[in-house]
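Got chain X; can you put chain P on it based on the hints?
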Amino acid sequence: NAGVMQNPRHLVRRRGQEARLRCSPMKGHSHVYWYRQLPEEGLKFMVYLQKENIIDESGMPKERFSAEFPKEGPSILRIQQVVRGDSAAYFCASSPEIWFEAFFGQGTRLTVV
Amino acid sequence: DAKTTQPTSMDCAEGRAANLPCNHSTISGNEYVYWYRQIHSQGPQYIIHGLKNNETNEMASLIITEDRKSSTLILPHATLRDTAVYYCIVRVGNSGNTPLVFGKGTRLSVIA
Numbered sequence: 001n002a003g004v005m006q007n008p009r010h011l012v013r014r015r016g017q018e019a020r021l022r023c024s025p026m027k028g029h030s031h032v033y034w035y036r037q038l039p040e041e042g043l044k045f046m047v048y049l050q051k052e053n054i055i056d057e058s059g060m061p062k063e064r065f066s067a068e069f070p071k072e073g074p075s076i077l078r079i080q081q082v083v084r085g086d087s088a089a090y091f092c093a094s095s096p097e098i099w100f101e102a103f104f105g106q107g108t109r110l111t112v113v
Numbered sequence: 001d002a003k004t005t006q007p008t009s010m011d012c013a014e015g016r017a018a019n020l021p022c023n024h025s026t027i028s029g030n031e032y033v034y035w036y037r038q039i040h041s042q043g044p045q046y047i048i049h050g051l052k053n054n055e056t057n058e059m060a061s062l063i064i065t066e067d068r069k070s071s072t073l074i075l076p077h078a079t080l081r082d083t084a085v086y087y088c089i090v091r092v093g094n095s096g097n098t099p100l101v102f103g104k105g106t107r108l109s110v111i112a
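From first to last, the protein sequence lines are chains X and P. Counting along the first sequence from 1, when you hit position 10 you're at 10 in my numbering, and nothing is skipped either side. Counting along the second sequence from 1, when you hit position 27 you're at 27 in my numbering, and nothing is skipped either side.
Isolated chain X, as found in the complex (with noise of 0.2 Å):
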């Protein structure tokens, strides 16, 4: 059974670029998590998705920031107009009930320059 698994690892993006972050969950899991983790700061909760619903978003900036968890696909983090400040570690979890023994993936290291 595979883990969590992100793509991709690392990602370099210029100023105003989006940046595309994708999460597949572990097989049978159908609740996703995103944590932001800025340099030398503690893992931020973002947004929680079931399959093609935001159950809770409370964690994410109010422009620029979109997610998604199809039927079908990977959870996918959208960051529109990218700026340095959004220079982090993203990291997905997965759980089969909700916030349940919640496993990590690796994270995508996102680098604006």
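The set of hints was computed from the structure by calculation and includes no laboratory data. Warning: the hint list may mix true and false statements.
If you want the footprint, here are the derived chain P segments under chain X, 3+ residues with CB under 8 Å [what the hints assert, rightly or not]:
1) 18-27
2) 42-48
Anything over 10 Å on all C-beta distances counts as not near chain X; from chain P, calculated [what the hints assert, rightly or not]:
3) T5
4) T8
5) M10
6) C12
7) G15
8) Q38
9) M59
10) S61
11) K69
12) I74
Yeah, the Cβ is synthetic: ideal placement off N, Cα and C, and Gly gets one too.
Only chain P this time, still in chain X's reference frame:
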């Protein structure tokens, strides 16, 4: 914000038991104690969780005090690969929408 208090850092000699404390004096009756760790540059790794009874798995043991206001994560024989930041998290079990809130954790250094 995190409902727990942990020491900022700890050292442990390789092969010895690592005992990581966590205070959660405001824990509610339906809240569990979860432990995760994050090895440098990797995603957080689930370790163990418990409600009121002590728990043990292949990775660690969790000792929760009778009043549930504090707990200790025990790594019985620490190795260099156990060097990581350890997070103690309190939340309602597997229900509700409250996310896992990570605090600053304890940076454990296992020394040869």
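Against the structure, the hints come out as follows:
With 0 residues carrying a beta carbon less than 8 Å from a beta carbon of chain X, the segment 18-27 of chain P misses the three-residue requirement, and the given coverage is violated. Counting residues of the segment 42-48 of chain P whose beta carbon lies closer than 8 Å to any beta carbon of chain X gives 5, which reaches the threshold of three, so the coverage claim holds. Every CB of chain X lies more than 10 Å from the CB of T5 of chain P, the least distance being 14 Å, so the non-interface label holds. The claim that T8 of chain P is not at the interface with chain X holds, since no C-beta of that chain comes within 10 Å of its own (minimum 12 Å).
The beta carbon of M10 of chain P is kept farther than 10 Å from every beta carbon of chain X, the shortest such distance being approximately 17 Å. With a least beta-carbon separation of about 22 Å from chain X, C12 of chain P lies farther than 10 Å from that chain, consistent with its non-interface assignment. Here G15 of chain P stays apart from chain X, with its beta-carbon at least about 28 Å from theirs, past the 10 Å limit. For Q38 of chain P, the requirement that its beta carbon stay farther than 10 Å from each beta carbon of chain X is not met, with the minimum near 8 Å.
Remark: the non-interface label on M59 of chain P is consistent with the geometry, its nearest Cβ contact in chain X lying 13 Å away (cut-off 10 Å). Consistency note on S61 of chain P: stated as away from chain X, and its beta-carbon is indeed over 10 Å from all of that chain's, at 17 Å minimum. Every beta carbon of chain X lies more than 10 Å from that of K69 of chain P, the smallest distance being close to 23 Å; the non-interface claim holds. Its beta-carbon lying about 20 Å from the closest one in chain X, I74 of chain P satisfies the requirement of being farther than 10 Å from that chain.
Checked against the numbered hints listed earlier, the structure breaks hints 1 and 8; every other hint is satisfied.
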